[in-house]
Amino acid sequence: MNPVEQILSHYASESPGVIGNLRTLLNSGTLAGTGKLVILPVDQGFEHGPARSFAPNPDGYDPAYFPSLAVEAGCNAYAAPLGFIESIARDYAGRLPLILKLNNSDSLGGPDDPHSALTGDVQDALRLGCTAIGFTIYPGSEHRNEMYAELSDLIAEARECGLPTVVWSYPRGGELSKDGETALDVVAYAAHIACQLGAHIVKVKPPTAHIEQAEAKKHYDNVPKATLAERIAHVVKASFNGKRIVIFSGGAAKGADAVLEELRQIHAGGGYGTIMGRNSFQRSRADGAALLKSAMQIFGGK
Amino acid sequence: MNPVEQILSHYASESPGVIGNLRTLLNSGTLAGTGKLVILPVDQGFEHGPARSFAPNPDGYDPAYFPSLAVEAGCNAYAAPLGFIESIARDYAGRLPLILKLNNSDSLGGPDDPHSALTGDVQDALRLGCTAIGFTIYPGSEHRNEMYAELSDLIAEARECGLPTVVWSYPRGGELSKDGETALDVVAYAAHIACQLGAHIVKVKPPTAHIEQAEAKKHYDNVPKATLAERIAHVVKASFNGKRIVIFSGGAAKGADAVLEELRQIHAGGGYGTIMGRNSFQRSRADGAALLKSAMQIFGGK
Amino acid sequence: MNPVEQILSHYASESPGVIGNLRTLLNSGTLAGTGKLVILPVDQGFEHGPARSFAPNPDGYDPAYFPSLAVEAGCNAYAAPLGFIESIARDYAGRLPLILKLNNSDSLGGPDDPHSALTGDVQDALRLGCTAIGFTIYPGSEHRNEMYAELSDLIAEARECGLPTVVWSYPRGGELSKDGETALDVVAYAAHIACQLGAHIVKVKPPTAHIEQAEAKKHYDNVPKATLAERIAHVVKASFNGKRIVIFSGGAAKGADAVLEELRQIHAGGGYGTIMGRNSFQRSRADGAALLKSAMQIFGGK
Amino acid sequence: MNPVEQILSHYASESPGVIGNLRTLLNSGTLAGTGKLVILPVDQGFEHGPARSFAPNPDGYDPAYFPSLAVEAGCNAYAAPLGFIESIARDYAGRLPLILKLNNSDSLGGPDDPHSALTGDVQDALRLGCTAIGFTIYPGSEHRNEMYAELSDLIAEARECGLPTVVWSYPRGGELSKDGETALDVVAYAAHIACQLGAHIVKVKPPTAHIEQAEAKKHYDNVPKATLAERIAHVVKASFNGKRIVIFSGGAAKGADAVLEELRQIHAGGGYGTIMGRNSFQRSRADGAALLKSAMQIFGGK
Amino acid sequence: MNPVEQILSHYASESPGVIGNLRTLLNSGTLAGTGKLVILPVDQGFEHGPARSFAPNPDGYDPAYFPSLAVEAGCNAYAAPLGFIESIARDYAGRLPLILKLNNSDSLGGPDDPHSALTGDVQDALRLGCTAIGFTIYPGSEHRNEMYAELSDLIAEARECGLPTVVWSYPRGGELSKDGETALDVVAYAAHIACQLGAHIVKVKPPTAHIEQAEAKKHYDNVPKATLAERIAHVVKASFNGKRIVIFSGGAAKGADAVLEELRQIHAGGGYGTIMGRNSFQRSRADGAALLKSAMQIFGGK
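Residue numbers (the numbering used here), protein chains in the order written: chain A, 1 to 302; chain B, 1 to 302; chain C, 1 to 302; chain D, 1 to 302; chain E, 1 to 302.
Calculated directly from the structure, the hints in this document are not laboratory data.
A portion of the hints provided could be inaccurate.
[As the list claims (entries may be wrong)] Covered stretches of chain C (chain D as the covering partner; in silico rule of three or more C-beta atoms under 8 Å from a C-beta of chain D): (1) 115-129; (2) 148-162; (3) 221-233.
[What the hints assert, rightly or not] With a cut-off of at most 27 Å between alpha-carbon atoms, the simulated DSSO-like pairs for lysine-lysine come out as follows: (4) D:K178 - D:K302; (5) D:K178 - E:K243; (6) C:K178 - B:K254; (7) A:K218 - A:K254; (8) E:K218 - D:K178; (9) E:K218 - D:K205; (10) D:K254 - E:K218; (11) A:K178 - B:K218; (12) B:K217 - B:K254; (13) B:K225 - B:K178; (14) B:K254 - C:K217; (15) D:K254 - D:K302; (16) C:K217 - B:K178; (17) C:K302 - B:K178; (18) B:K254 - B:K218; (19) A:K178 - B:K217.
Each residue gets a CB set at the ideal place from its N, CA and C atoms; glycine is no exception.
From just these sequences and the hints, can you work out the full model?
Here is the structure:
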């Protein structure tokens with residue numbers, strides 16, 4: 001069985017509509033057919049503000065820049081909030097898989113515990129020709145139950161329309177320490193929760209070797225975790241033994257070498273790919289496209 | 001391509017109904033066909049109380065005054081809450097584009113963080129022959145997520161009926177300082193959020209050179225911001241590189257010269273126009289109409 | 001044009017059903033055809049408890065007492081909560097216009113800020129043969145946004161059934177001082193808000209000369225406010241320049257002479273009438289009816 | 001008990017809303033309070049065409065003519081199809097009870113068996129401020145079951161909104177002979193069916209002494225039927241022993257003396273009144289009003 | 001009062017939304033403000049087939065031809081079925097009032113009696129930015145009751161969205177003779193039925209002097225009918241004494257002189273305008289536009 005069909009065999013309860021859109025995601029771009037994914041996400045304008053996001057490379061002020069970059073670089077998909085998708089859907093629907101992020105949070109102050117606003121719905125995703133919806137949950141936040149319920153409803157609604165769901169699972173808020181947000185036990189836990197909620201694709205951050213939860217510590221004694229590849233492997237295992245697609249982000253912008261080394265570890269650990277935002281679009285177009293292509297070479301096994 | 005059709009080409013994902021009503025807005029009044037807008041908004045009776053709003057020019061106690069002034073002066077549209085629109089819709093629907101403000105907040109005390117009340121719905125807008133709906137969000141408020149979700153739902157509902165949405169995006173509340181409400185980074189951010197939420201027209205205040213957010217400061221080092229025109233240009237850039245219509249208010253009443261100088265800067269910076277309330281209707285009819293006409297001359301490039 | 005049709009011409013956006021019921025209200029009772037209204041309201045049993053309300057005149061324990069009094073005295077309408085209306089609707093629908101109060105609050109303790117409970121719906125009003133619905137808002141209360149939204153929904157629903165809405169607009173709660181609740185600026189503001197929300201008839205308390213809001217003070221320098229008649233005139237002006245029907249209550253029970261003097265001032269100031277509860281039904285039947293009839297003489301210009 | 005309340009006591013299962021609107025019908029116009037009704041119905045434009053209906057008195061081409069005539073003459077109500085009611089409802093709702101005829105049939109040929117088209121709904125009646133709905137059934141028609149079901153649904157829906165239903169019950173079609181349409185047994189039967197279907201007011205034609213149904217003949221041996229008054233009395237008896245309001249039409253235009261003599265017999269037989277269309281509006285205004293007033297004198301017992 | 005507002009005063013029961021769209025229709029194109037209408041309708045492709053419709057002037061195969069012609073000639077509106085409107089709505093909504101024909105019938109054989117298919121809905125009209133809906137009824141057809149009920153429902157639904165309804169009322173089928181379809185009595189009757197059903201604008205064919213219905217003949221003895229102008233005047237009278245807008249078609253293509261003479265008679269008789277399809281679009285563009293402009297000169301009184 002080819003890698004894509006092998007992966008899809010793990011989603012046997014899904015309707016052909018959801019399967020078909022997952023298949024489209026996995027069979028698009030340079031990595032088509034490999035079972036690996038490099039996705040371009042751009043929600044930083046909403047999350048961090050336009051200047052913090054786009055001043056480093058002012059091309060990004062224009063919503064047309066991102067899908068053009070994604071196509072040039074050969075990404076599997078482009079993910080963004082409603083306004084950005086609306087701005088380009090007429091030209092890209094059917095050419096480049098689009099993922100509509102249905103919630104977003106800004107950085108203009110409280111509430112103390114993070115909670116994203118609903119900024120679109122499944123009907124928007126259908127109207128705009130999207131291939132999937134995206135949603136962020138903050139495991140650890142005091143508001144997480146509300147988010148889980150919102151996500152649960154949206155997954156059900158999207159499924160009825162044949163749309164799979166990509167979940168950004170970011171531990172944050174509540175009693176979590178800052179280090180805890182990327183602790184191995186917490187990231188694995190967050191990935192697992194997303195899978196349990198019905199996510200078809202899960203996106204988490206690369207975990208550190210820190211163990212946050214006292215009760216979890218002893219259980220990690222025998223889990224190999226010295227290298228990022230080992231930690232990635234643990235997160236993949238926590239994602240239904242690898243039966244759910246789990247991809248990793250690179251976080252804040254950093255040097256190209258650092259990015260690529262991280263990606264090699266993710267690949268070595270069995271990660272299904274990466275979702276690379278600021279590291280691609282905050283570089284010049286040439287550099288950004290080059291970095292994305294390098295990522296694809298890594299995940300393509302070349 | 002004429003300026004109106006050039007602007008409409010950026011809304012390519014929209015239905016003909018929404019496009020048609022945007023076209024009507026852009027092709028009405030003295031500025032018809034220029035791609036620029038001067039709108040008369042009157043929600044101050046609700047927001048600040050009747051005497052604070054209308055005592056300076058008692059003609060304004062009568063709801064019939066405003067659409068009459070708007071037509072005389074050649075405005076593109078008149079925006080107001082339900083009661084004011086109901087009071088005049090029979091006579092003005094089909095003559096003057098009407099924008100129904102669907103939420104409003106009074107100034108009779110708390111809650112501490114601002115949140116507008118829903119005071120009408122999309123069905124009201126259809127019943128009253130309106131060309132668009134209007135909605136206010138307060139980025140920064142603790143209640144902003146709720147507002148974003150309300151707006152998101154209303155935009156979707158209005159779109160199904162062919163109605164575009166004008167969003168008043170006023171940073172306010174939460175951890176924002178008073179100066180921060182008009183800081184360049186915050187205003188640009190507020191405009192960007194409105195665009196991401198699907199606003200067809202965004203209304204913000206003219207920004208100062210202040211930068212509020214610590215994380216944003218370094219990104220503004222190279223953004224020209226000495227003149228208002230430069231700052232306007234940045235806000236337009238933050239509004240999807242000018243692909244969304246962004247207009248500016250003048251705020252509190254001031255001298256005519258100050259108003260006109262501000263408008264010249266807004267025009268020079270590429271702003272799509274102005275929404276001028278108190279500066280027009282708190283003057284005598286002759287002076288208010290004259291000031292609106294002067295605004296049109298500026299945006300008409302004369 | 002006769003006074004009633006003159007008033008109705010200001011509601012030109014309304015359907016014939018709403019107009020017809022307003023016409024019925026204005027053409028009932030002794031004041032029929034004058035454009036003036038004297039309404040008997042009895043919600044004190046719910047609001048203050050039965051003994052506080054009815055012990056002064058025990059006839060009032062019987063719900064049949066009120067419509068009988070209203071008919072005898074020649075009132076335009078009788079307004080009460082669901083139970084009282086249900087108790088007498090079979091006998092009075094079609095004889096005496098009934099106004100169903102759709103929310104009420106008791107005085108059994110918190111919440112700190114006032115918020116009425118929904119105690120009926122539009123379907124009840126139709127079922128019971130009512131001519132209008134009634135609703136109370138508390139501008140100033142922390143819960144006012146919720147009330148405004150509830151009212152907005154009810155007005156829309158009632159309109160579809162041809163029923164107009166009477167709004168009791170009582171500033172209360174939040175940061176308002178006790179004196180502020182009847183301050184001229186606050187009462188005018190409360191009346192204006194009710195009009196903006198789509199009320200067809202607004203009921204407020206007679207204002208004092210106190211100005212509550214610091215920002216409003218200077219705007220009242222030139223507003224005549226020495227006499228109650230002058231203050232009433234200002235509230236009428238704030239009610240869309242008199243284009244919405246605004247009536248006044250007498251508040252707590254007091255001497256007949258004081259009541260009548262107040263009504264003369266309300267009439268002199270252009271108020272559309274009065275809604276007189278405790279001052280009528282807490283007197284003996286003969287005295288109560290006599291006082292109501294005196295009120296009608298005043299508003300009838302005799 | 002006064003006559004109106006006596007009549008209403010027979011509708012004890014009805015909600016106050018329906019009772020209230022019946023009370024309004026019975027307490028309007030010259031016959032207010034007598035328990036008798038003279039209604040002006042104008043559906044002939046739809047049923048027979050405009051020239052056949054209005055050429056004899058061209059005033060009738062104008063929809064404003066009829067309610068004006070009804071008010072001048074002192075009718076209890078005016079009944080017409082949607083277009084005619086819409087044309088005048090803004091001016092007459094609340095002044096003159098309006099009855100919206102919800103089905104109508106034209107005379108432009110087949111189908112062979114009569115069946116009226118639905119031409120409005122209960123929501124229209126509320127929107128237009130009507131006091132009742134009207135509906136025609138054709139007992140005898142092959143399509144009668146469909147009509148009965150339509151009527152049954154409409155009565156239920158109208159009742160929920162507090163609106164009573166007036167049923168025109170015209171035996172017609174199927175195996176009925178032309179004479180049979182006004183046969184005593186058939187008219188009585190038609191009135192009874194309407195009552196059984198829940199009609200609040202039934203309108204039939206004055207019956208002849210002819211007995212149509214073979215099975216019914218022997219049962220009419222002892223029923224007095226020589227005079228119209230006797231036959232009317234039988235139809236009233238068939239209408240739940242007079243516990244439902246049954247009124248009679250005069251049919252085709254005829255001489256004033258013939259009309260009045262017929263009305264005297266209807267009154268003598270205990271009929272609740274008349275619904276007089278062509279005999280009133282196809283005369284000059286003066287003559288039509290005079291005839292209507294004469295009808296009121298008869299039913300008023302003067 | 002200007003002619004447009006004078007006409008709108010006859011629709012006093014309507015919401016501002018419906019009034020606003022009627023105002024837009026009456027204030028568009030060359031005849032704006034005159035109270036007269038020249039509409040370009042193109043449903044012949046559906047009704048008669050494309051070659052019969054467009055071979056005479058092959059420009060008509062392209063849906064873009066018609067709105068372009070309508071704008072060039074200065075028509076008030078363009079009316080067509082769903083596909084044609086969809087094809088051009090993005091470019092014309094907000095520039096040229098569009099009327100979406102919601103039913104259509106082809107000429108591919110039976111049923112014996114004419115009945116149009118529903119081919120769109122009110123939501124389509126909103127989505128496409130239309131100013132009105134259109135609907136055809138065939139009074140005389142055995143299926144007319146079904147059509148009347150469909151139309152009644154659509155008018156109610158469109159009204160709630162602020163859209164007026166244009167009704168094509170074509171007597172056809174059943175027992176009507178071919179001559180009877182344009183007989184004076186039948187055309188007047190068909191116009192009256194459309195008005196009674198709630199049509200805001202009625203379109204009929206110019207009537208001949210033939211009288212079809214035996215029962216109607218005597219009523220036409222005194223109706224002037226020798227000239228087309230006289231017959232038009234009768235149809236206008238049958239349309240609620242001219243209180244509903246009634247326009248006339250020219251029917252099959254004919255010589256320009258014949259067309260213009262007919263239009264002069266329609267104008268002389270008080271017709272509100274014309275809806276000219278084949279006579280305009282089956283000519284060359286220059287000739288078609290010229291003929292439309294001549295029609296406007298006639299109705300503009302020049």
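A quick look at each hint next to the structure:
Interface restraint, the stretch 115-129 of chain C with chain D: holds (5 residues with C-beta to C-beta distance below 8 Å; minimum three). For a cut-off of 8 Å, the count of residues in the stretch 148-162 of chain C with a CB near a CB of chain D stands at 3, and the three-residue condition holds. Only residues whose beta carbon comes within less than 8 Å of a beta carbon in chain D count, and the stretch 221-233 of chain C has 0; fewer than three means the coverage is violated. For the hint pairing D:K178 with D:K302, the CA-to-CA distance comes to about 36 Å; that exceeds 27 Å, so the pair is violated.
At roughly 38 Å between alpha-carbon atoms, D:K178 and E:K243 are farther apart than 27 Å, so this suggested pair is violated. At most 27 Å may separate the alpha-carbon atoms for a hinted pair to count; C:K178 and B:K254 exceed this at roughly 35 Å. Between A:K218 and A:K254 the alpha-carbon distance is near 34 Å, which puts this suggested pair outside the 27 Å criterion. For a cut-off of 27 Å, the pair hint linking E:K218 to D:K178 stands: about 23 Å separates their Cα positions.
Taking the CA atoms of E:K218 and D:K205, the gap is about 26 Å. The hint holds against a cut of 27 Å. Distance hint between D:K254 and E:K218 is fulfilled; the C-alpha atoms sit about 16 Å from each other, no more than 27 Å. For the suggested pair A:K178 and B:K218, the alpha carbons sit about 24 Å apart, so the restraint of at most 27 Å is met. Distance hint between B:K217 and B:K254 is unfulfilled; the C-alpha atoms sit about 31 Å from each other, more than 27 Å.
Taking the CA atoms of B:K225 and B:K178, the gap is near 19 Å; set against the 27 Å cutoff, the hint holds. Distance check on the hinted pair: B:K254 and C:K217 sit about 19 Å apart at the alpha-carbon level, within 27 Å; holds. Note on D:K254 and D:K302: the hinted pairing holds, with a Cα-Cα distance of about 23 Å set against a maximum of 27 Å. With a CA separation close to 23 Å, the supplied pair C:K217 and B:K178 stays within the 27 Å bound.
Restraint check for C:K302 and B:K178: not satisfied, since their Cα atoms lie roughly 57 Å apart, outside the 27 Å limit. At roughly 34 Å between alpha-carbon atoms, B:K254 and B:K218 are farther apart than 27 Å, so this suggested pair is violated. A distance of roughly 23 Å separates the Cα atoms of A:K178 and B:K217; the hinted pair therefore holds under the 27 Å criterion.
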